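Peer 1: Protein chains in written order, with this note's numbering: chain A, 1 to 337; chain B, 1001 to 1557; chain C, 2001 to 2226.
There's no promise every hint is true.
Said to hold, decoys possible - Quick list of simulated restraints, FRET-style, between CB atoms:
| id | chain 1 | residue 1 | chain 2 | residue 2 | range |
| --- | --- | --- | --- | --- | --- |
| 1 | A | Gly231 | B | Arg1344 | 43 to 49 Å |
| 2 | A | Ala195 | B | Leu1421 | 30 to 36 Å |
| 3 | A | Asp121 | B | Ala1335 | 53 to 59 Å |
| 4 | A | Gly158 | B | Leu1160 | 52 to 58 Å |
| 5 | B | Arg1338 | A | Gly231 | 17 to 23 Å |
| 6 | A | Ala9 | B | Leu1160 | 52 to 58 Å |
| 7 | B | Ala1274 | C | Ala2217 | 55 to 61 Å |
| 8 | B | Pro1157 | C | Trp2112 | 40 to 46 Å |
Since the hints were made in silico from the structure, they are not lab data.
Nothing here was measured: the structure is a model prediction, and the numbers come from that model.
C-beta: ideal position from N, C-alpha, C; glycine also.
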Amino acid sequence: MRKMFWIAAVAAVLAALLVPRPGDEARVVTVYTSVDQVFSEPILKAFEEKTGIRVAALYDAEAAKTVGLVNRLIAEKNAPLADVFWNGEILRTLALKDEGVLDVHRPPAVGMLPPRLVDPDGHWTAIGGRARVLLVNTRLVPRDRRPTSILELPARAGEVAVANPLFGSTSTHAAALAATLGVDRAVGFFVALKAGGAQVVDGNAVVRDLVAAGRAPMGLTDTDDACEAIGRGDPVAAVFLDQGLGGLGTLVVPNSVALIRGAPHPQAARALIDFLTTPETEAALITAGWIQIPSRPTAATAPCYGTPTIDAMAVTMSAIREAGSLVGPRLTEVFQR
Amino acid sequence: MTAPAAESRRAARRSRVTSAGSLVATAWAFYVAVTLAPVLAVAGRGLARLVAGDAEAWGLLLPSTRRLWLLVDSLAASLAVTAFTTIIGMLAAAAFLRRIAAGDGAAPRGASLLPAALILWAITPPYLHALVGMEAGNALAAALRAIGLTVAPAQWPGWLAAFAAQAFALLPISLAAASVGLLGVGRAEFEAGRMLAGRGRVFLRVVLPLAAPATAAGAAAVFVLALLDHATPSLFGRASHAMEIVAEHAATRLAWRAAILALPLILIAGLAIAAASIAVRRGGRALTGTVAMRIAEARPLGPSPVAESLAAAIVLGYAALFVGLAAAGLGLGTALPRLIWEVRRDLATTLVDAVLAGLLALGPAALIGWHLAAGEGRAAGRTVVGRGAAWVVVLLPLAVPPALIGVGIAEVLADHAPMALRTSPLVAIWAHLARFLPFAVLVVHAAVRRVDPALIDAARLHRPSAPARWRRIEGPLSMSGLVAAFALVFCGAVGELEATLLSAAPGAGLLSMRVFNYLHYGASDTVAALGLVLGAIVWVAAVTALRAIGRRRGGEP
Amino acid sequence: MSETAVAPPLRALGLSKAFAGRRVLQDVDLVLAPATVTALIGPSGVGKTTLLRILAGLDLPDAGRVLCRGDLATDGPRLLREPHDRGIGMVFQQPALWPHMSVGEQVAFGLWRLDERTAAERRDAALALAEIAALAGAQPARLSGGEAARVALARALAPLPACLLLDEPLAHLDARLRRDLAATIRRAATETGAAVLIVTHTPDDLAGTVDRTLGLADGRLVAVVP
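Just chain A, same shape as in the assembly:
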């Protein structure tokens, strides 16, 4: 009898702790996000406080940036756990649309956003952006020796660090170059970097640290990582490449948000997407230092850069997607095999 009592008591405690309570589902939303936790979590907490809806977030590991989450979403397509995908870039969101993972939702903010940042079919919405920059170590690379175009880098590959072009914003950059220059030239660009002795590392943060420490004179990274190093007082400077007339322009990689098809909590998911795409959220991300290039007029200023005016690369999202599907497998052969 006592034995049965203890077994029942333990089972009751375990059930109370582990089994979700009925009625909880409506007050929960699950988001997969590749936006770094230090930036995304405050936003998600603000959403929780505003709406009372609890956010269960899954963050991605540095080395397999974004791709891990994307592949997980594809694998879970028939029984999704996630409600929302908040991506720190756009390429993989486009891939998810093609895979049929995304559902249609047009948040109120779409009316205020440029058309190129809104999916015509309503599967995704993009806000803000980080720009791809060349971070240079000011002690090793004097001003008159700094490249002005990305196409100068292969000739100086031994001085360059770059993140693995299969993952994260670097993969988006590779796709954008392929869309602009052609797939062969884009693959050739990265092959030349690798063959020339460029340091290919796990992520943009690693590129930042290498350049800051002087172990790589320069490296391709994002504006948020560059700003981190500038804010630390490291001897670095961010160079926006390909500016001016005739230049390729600098790639601006926007954040993207999408509703997952078959989301377990669709109502809460729509509420979260609406929140993430508001001007207030974008302003908060700019002030925090995640976004440096606003997608609409804002009073918020980005640390390090203020309100930058740059020549962006003229390339559409669909062109990036199409080129990405072609350049990805070829770069996989070079960098993963």
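Position chains B and C against the provided structure of chain A, taking the given hints into account.
Peer 2: Chains B and C alone, transformed into the frame defined by chain A:
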């Protein structure tokens, strides 16, 4: 007694014996399901493809130049960590024993704190050691700036920073193993040598061979842990073969590919563990008496006081740095409570998950630990092959990269589990058990081997093996082992990262994951505070367990 | 400081040692002559082993000196000569055989100063003296108690020490083995010329073997009249 009554007593006895056997079988089944089933599921798919001659699978098994170089590089890095920790650990252990021996035969005060300090050091997660390194660099830069020298925070090359973080994280294992090895050298054996040859010769020809089994076991443990760790090198941008498993799974979402990639690591780690097990089994020396007594008999066994002092200085210097930075973390003042409040949900989840993992580990660890020890005590009824197979099952999970464990759990859940399970905290608890249940079994087994067999034999004269006898005899006799096993699983679960990162449900909200994600941004007050909280949890748990064990043994550490 | 060429193998002057406030040795003087066997008796815990360990250089006295072959080896708490450099062989209470070395390797361990051929000869001679030549290749785990005691004795004798200290070598042996080993010890002293000091609880086992008997009581050495 009437015939029917006698028969019913025999039947009851058979029933009790059968129920005990059923419990043990259930424990083994639980163990295999938790630790091996996820890995076997994905590895099985990979092996099936290999057997079927799948070209893609074979292409993966035969590594490309890049992957071969990565494997060689990872092996070299692990061997370097092993060599460093083994040499420094041996010399430092000799130095501490020399210092202790300078006392006049009485057990020196505070000597019993040394094992506790080593345990606290060993259970601190490696990424916290990485944080210490980063903080030390920042502190140095700040100090230099304060005196007018403007420098960027000192940043070592990635390979050196990763080496240092792993080496100092794993050093206590080597130090403890060397101490056990040196304490196992009999005083008379050492002095008989000293009557005939100088210190260096006696150290090489007498002390080292006698201490070799324990030292080798420590070296094997360090090597395996360093080889299978992908999180620490990734913090410093250093590629590793273990990380390749993560990257491959992320890139392709095909778990069988990750499993094939993991095969070389499993093979190498398995060989190392097997070699260490054989060495310990053949030459390991049981430490008779209490640790305090052995310490009191310590003699200066080392080869060179200068080398030993240098090694001791390295160990103590790092320990002082760690403690100093932890103490400085307390100076965060009001920031610390605010941060703790901000992460209260993560903190609660972490603690509950760790407690549940510890509790769930106790039953299987106790039953399997006793079962293994019983098999060694009597040859009858258990063949050598059977005993060997049992040990293979226990030790094999230790050779599996934590990343593959995480991949396996995620795969099994994705294929078979209902939504409620896939989003429940049980996922993280499963990852914790998969990682640390084997250690819990080993700890209980070691504790059981210290139990005088005559005590069990006396009980056997009165009662058959059954839960009732176990509760009154075997359980209390091995209680120190059970406490240690719970503490080990709890502390491991609090700090565990690699398997959890890959399998945790959304919103799992574990403190270790938060610290690791923040660490990729480098050290900051927030990370330092979170690291301090995490460290404090494991240290308090370990000290509590050590005190409980010490009380049970009458004050012996 | 050297004395004349006829210095005794071992001399102790004014040795004193205290443990936890208890005076174990008090102003002990001792001289051992070559080719003699001296027995040291006394109750358990009186300090016999302590005296041996101080003479061997394994422990240090609070005060007093130890001279080995006329050379100052210990001066108060200062160790001037290492244990292996004193010309002293020692057999401990437990044989203390190294499990990873064969009998032959154990016995040869102290012959590292010699060339290979001489070392082999010396080793074989020690084995023969201890009557265990047939066990040269054996592993310690396979030896009986008596055989292990002889191996320990051969190991201590192989370097031809000027002085041989034995700490209750007969303790764990039966009567016949004790007699045999005692005879071997006597023969060793005679054939090698070593001065032997043997601690024992059972002086009767050494009847006919010892040249004199000393007792240790209240920290002082006294001659015991047989």
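Peer 1: Against each hint, give a clear statement of whether it holds in the structure.
Peer 2: Structure-based check of each hint:
1. About 29 Å separates the C-beta atoms of glycine 231 (chain A) and arginine 1344 (chain B), a value inconsistent with the hinted range of 43 to 49 Å.
2. Separated by about 48 Å at the C-beta atoms, alanine 195 (chain A) and leucine 1421 (chain B) break the suggested range of 30 to 36 Å.
3. Judged by the Cβ atoms, the range 53 to 59 Å given for aspartate 121 (chain A) and alanine 1335 (chain B) is violated: they are separated by roughly 47 Å.
4. Separated by about 21 Å at the C-beta atoms, glycine 158 (chain A) and leucine 1160 (chain B) break the suggested range of 52 to 58 Å.
5. About 22 Å separates the C-beta atoms of arginine 1338 (chain B) and glycine 231 (chain A), a value consistent with the hinted range of 17 to 23 Å.
6. Remark: the range hint 52 to 58 Å for alanine 9 (chain A) to leucine 1160 (chain B) is upheld by a beta-carbon distance near 53 Å.
7. Our hint of 55 to 61 Å for alanine 1274 (chain B) and alanine 2217 (chain C) holds, since their Cβ atoms are close to 58 Å apart.
8. At roughly 44 Å, the beta carbons of proline 1157 (chain B) and tryptophan 2112 (chain C) sit within the given window of 40 to 46 Å.
Figure legend: structure checked against the earlier numbered hints; hints not met, in rising order: 1, 2, 3, 4.
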